[in-house]
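Chains A and B, in that order, give the protein sequences.
This note's numbering applies: residue 6 is where the first sequence begins, and numbers increase by one.
This note's numbering applies: residue 2 is where the second sequence begins, and numbers increase by one.
Derived from the structure by calculation, the hints contain no laboratory data.
Heads up, the beta-carbon is just placed ideally off N, CA and C, and yes, glycines get one too.
Mixed in with the good hints there might be a few duds.
What the hints assert, rightly or not - Below, a sample of chain A positions facing chain B; criterion: calculated Cβ distance under 10 Å: (1) T36; (2) V91; (3) D99; (4) A125; (5) L145; (6) V152.
As the list claims (entries may be wrong) - Estimated spans, in silico, between C-beta atoms of each pair: (7) N120(B) x T104(A): 24 to 32 Å; (8) A44(B) x G59(A): 39 to 47 Å; (9) G124(B) x R15(A): 45 to 53 Å; (10) E137(B) x R120(A): 48 to 56 Å; (11) M152(B) x E18(A): 20 to 28 Å; (12) R85(B) x A14(A): 28 to 36 Å; (13) R75(A) x G46(B): 48 to 56 Å; (14) V19(B) x R15(A): 46 to 54 Å; (15) N120(B) x L52(A): 40 to 48 Å; (16) R117(A) x G124(B): 28 to 36 Å; (17) A55(A) x E137(B): 22 to 30 Å; (18) K140(B) x R160(A): 48 to 56 Å.
Stated by the list, open to error - Take a look, some chain A residues computed to stay more than 10 Å from chain B by CB distance: (19) R32; (20) I33; (21) G39; (22) R131; (23) V137; (24) L142.
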Amino acid sequence: MNRLSPGAARPIERARLLARLLDRLLRIPGTNIGIGLDPILGVIPGLGDALTMGLAGYLIVQAARAGASRDLLLRMLWNVTVDTLVGSVPVVGDLFDVTWAANLKNVELLERQLRDPGEARAAGRRFVALLVAALVLLALAAGAIVVLIVRLGLRLVAG
Amino acid sequence: MKERVDGPPPAPARRLPVSGVVAALPDFGLAGAFLVTWIVPNALGRRVVAYLMLVMLVEFLIVHSAAFMGSVVLGKASRREKVRSLVGVGVFYTLLIGGFALGFRAWWPLWTFWGLTLNRLSGVLVGHAPSGQERELLKRHWAAGVMLYLMGVFVTTLFPMPAFGITPAVVRAQQLPGGGLWVDEPQRVIAFGCIYFTAWGVSELFEHRWLGRHAMPDLD
C-alpha cells in the first residue's frame, strides 16, 4: 500500500478527526451505524444545519488541499448534498443522520485515492472555488427546505 | 410600626439556595467520578471506563430524544396521537440503545431510557402538559443541555487530551466493543464527562441568579 505524502498527512489528519467528531464518536458493535455530533447539531433548526454544512465544507476544502481530484471532490459534494438535503427534513432527517455518515465516507474516499492515485490529478483552484460556491448554494437550499417544511407543518397544525 | 413603601428593592440574596446545591450535588458527584477514573482508572472498579462511556452515550440519546419528545409533549396534538408518537420515537431509540447495550453487555441504559420515556408519557397520559414558566424552563434546560454537550465534545475532540492513568493496558482491559473516536481514545470521553457534569453542576448552582435576571413571561 502506498504511503501518504508528508504534505497530505496533516490535512488528512484534520479531516479524519473532524469526520469522526461529526459521524463516529461511537459505533454500534457489529454494524456500520454510529453516533456523532451531526445528529445533535441537526436538532437545532437552521443554525445546526448551517454549522454541519460549514464543517462538511471545511472537510472538502481540506481534501482539495491534500490533492483530491475533481471526480473525487464531486463525489464528496454528492455525499454532503444527500446528507444536507435529507438531513434538513425534520425528524426523518435527524434519524437519517444517524445512519448516513457522509463525512466519514468522504475521508475514506480521500484516503483511498491519495494512497493509490492512479491517473487522478489534483483539482485546480478555480474548481475548488466553484465547489465552495456550490456548498453555499446547498446551504441556502437546505435552509429554504426547513422554512418550507416548518411553514407547511404549522399550516397543517393550524388546520 | 410603619412599613416603608418606597426606596430601592432589596438586593437579591448572595447565598446559594439549598435547592440549587441539592440539584448540583449529583452532577458534581458524577464529575468527580469521571475525574478520579481519568487519573486512577481502576479506583472505582475494573471496567468503570466502559461504564462511564455508556453514561455519556445515554446522555447523548437523552439530549437528542428530548428534542423530538419535547416537541410532541408540548405540541397541540390529541392525547392519543402524542402517546403514539412518543412510543414510535421511543422504539427507534430502543433499537440504537439496544445495539450498544448488547455490545457492552450492560442493560441499564435501556431501563434508564425507558424510565425517562415513561415519565414523559405519564405527563401526557394524566393530562398534565407543562405550561407557562414551567414550559419555558423546560425549553431553556434543553437548550442549555445541547449547548453544554456540543461545547464539551468539541473541546475534548479538537484539543489533545492527556491520557493520565488511561494507559493502553487499561484500555485493553476494558474490552470496549465496536469502534469510534471514544473507543480508540477513551480519555477524550472521560475528560468530556468531567467537564460536562462540572458545567451542569455550576449551572444548577447559579440558575436562580440567571433566571432572576431574565424573568420569563407567562406565555399561557
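Against the structure, the hints:
1. The criterion of a C-beta within 10 Å of any C-beta in chain B is met by T36(A), whose closest approach is roughly 6 Å, and the hint holds.
2. Because the smallest distance between the Cβ of V91(A) and any Cβ of chain B comes to about 16 Å, over 10 Å, the interface hint for this residue is violated.
3. At its closest, the beta carbon of D99(A) sits 7 Å from a beta carbon of chain B; the interface hint therefore holds under the 10 Å criterion.
4. The interface hint given for A125(A) is violated, since its Cβ lies 28 Å from the closest Cβ of chain B, which is over the 10 Å cut-off.
5. With its C-beta approaching chain B no nearer than about 23 Å, L145(A) sits outside the 10 Å limit, and its interface hint is violated.
6. A cut of 10 Å between beta carbons decides the hint on V152(A): the least distance to chain B is about 17 Å, and the hint is violated.
7. At about 28 Å, the beta-carbon gap between N120(B) and T104(A) stays in the expected band of 24 to 32 Å.
8. Evaluation of the 39 to 47 Å hint for A44(B) and G59(A) yields a pass: the beta carbon distance comes to about 41 Å.
9. A hinted range of 45 to 53 Å holds for the C-beta pair G124(B) and R15(A), which are about 51 Å apart.
10. At roughly 53 Å, the beta-carbon separation of E137(B) and R120(A) lies within the given 48 to 56 Å, and the hint holds.
11. The hinted window of 20 to 28 Å between M152(B) and E18(A) holds, with their beta carbons roughly 23 Å apart.
12. Distance hint for R85(B) and A14(A): a CB-CB separation of about 52 Å, inconsistent with the stated range 28 to 36 Å.
13. In this structure the hint that R75(A) and G46(B) lie 48 to 56 Å apart at CB holds, the actual value being about 53 Å.
14. Checked against the hint of 46 to 54 Å, the pair V19(B) and R15(A) passes, with Cβ atoms roughly 52 Å apart.
15. A hinted range of 40 to 48 Å for the beta carbons of N120(B) and L52(A) is inconsistent with their spacing of about 29 Å.
16. Between R117(A) and G124(B) the C-beta distance comes to about 50 Å, which lies outside the given range of 28 to 36 Å.
17. In this structure the supplied range 22 to 30 Å holds for A55(A) paired with E137(B), their Cβ-Cβ distance being about 25 Å.
18. Checked against the hint of 48 to 56 Å, the pair K140(B) and R160(A) fails, with Cβ atoms roughly 23 Å apart.
19. For R32(A), the shortest C-beta to C-beta distance to chain B comes to about 4 Å, within the 10 Å cut-off, and the non-interface label is violated.
20. Distance to chain B contradicts I33(A) as a non-interface residue, since its nearest Cβ pair spans about 4 Å, not more than 10 Å.
21. With a least CB separation of 6 Å from chain B, G39(A) falls inside the 10 Å interface cut-off, contrary to its annotation.
22. Every Cβ of chain B is farther than 10 Å from the Cβ of R131(A); the closest lies at roughly 31 Å, confirming the non-interface assignment.
23. With a closest Cβ-Cβ approach of about 22 Å to chain B, V137(A) is found to remain outside the 10 Å limit, as its non-interface label requires.
24. At roughly 26 Å from the closest C-beta of chain B, the C-beta of L142(A) stays outside 10 Å, upholding its exclusion from the interface.
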